[in-house]
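**Student:** Sequence:
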Amino acid sequence: MSVRLDGDVIRLEGPARVEDAEPLIALLQAGERRAVDLDGCGPLHAAVFQVLLALRPPIRGTPADPFDARWLLPLLAPQPGP
Numbered sequence: 050m051s052v053r054l055d056g057d058v059i060r061l062e063g064p065a066r067v068e069d070a071e072p073l074i075a076l077l078q079a080g081e082r083r084a085v086d087l088d089g090c091g092p093l094h095a096a097v098f099q100v101l102l103a104l105r106p107p108i109r110g111t112p113a114d115p116f117d118a119r120w121l122l123p124l125l126a127p128q129p130g131p
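For the record, in the sequence shown the residue sitting at position 2 is 51 according to this note's numbering, with numbers rising by one throughout.
If you are wondering where the hints come from, they were derived from the structure by calculation, not from laboratory data. Treat each hint with caution, since some may be false.
[As the list claims (entries may be wrong)] So the derived label-pair ranges between C-beta atoms look like this:
#1 L54 <-> P127: 17 to 25 Å
#2 G130 <-> S51: 32 to 40 Å
#3 E68 <-> G130: 13 to 21 Å
#4 S51 <-> P131: 18 to 26 Å
All C-beta atoms in this analysis are idealised placements derived from N, C-alpha and C, irrespective of residue type, glycine included.
Please model the complete structure; the sequences and the hints are all you need to start from.
**Tutor:** Structural data, given as structure tokens:
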């Protein structure tokens, strides 16, 4: 997989492996509210999913992996305020 910055959007392409978690964190922390595009990526390694869950960037697109799309993507949706 590759983690690629495209303007203000971080694109995840192909399988998301454990080694992709660190560059993803770096890109998310370096930019103000960068969105993450999941179109065509997957399956997501748990480390990459945990980064997305912890930092809660805006999510675009749908992962190619059916499990990720069905079970993980809903968990990344914006949480309602208090």
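**Student:** Hint by hint, say whether it matches the structure.
**Tutor:** Structure-based check of all given hints:
no., hint, result
1, L54 <-> P127: 17 to 25 Å, "holds, 22 Å"
2, G130 <-> S51: 32 to 40 Å, "holds, 34 Å"
3, E68 <-> G130: 13 to 21 Å, "violated, 35 Å"
4, S51 <-> P131: 18 to 26 Å, "violated, 37 Å"
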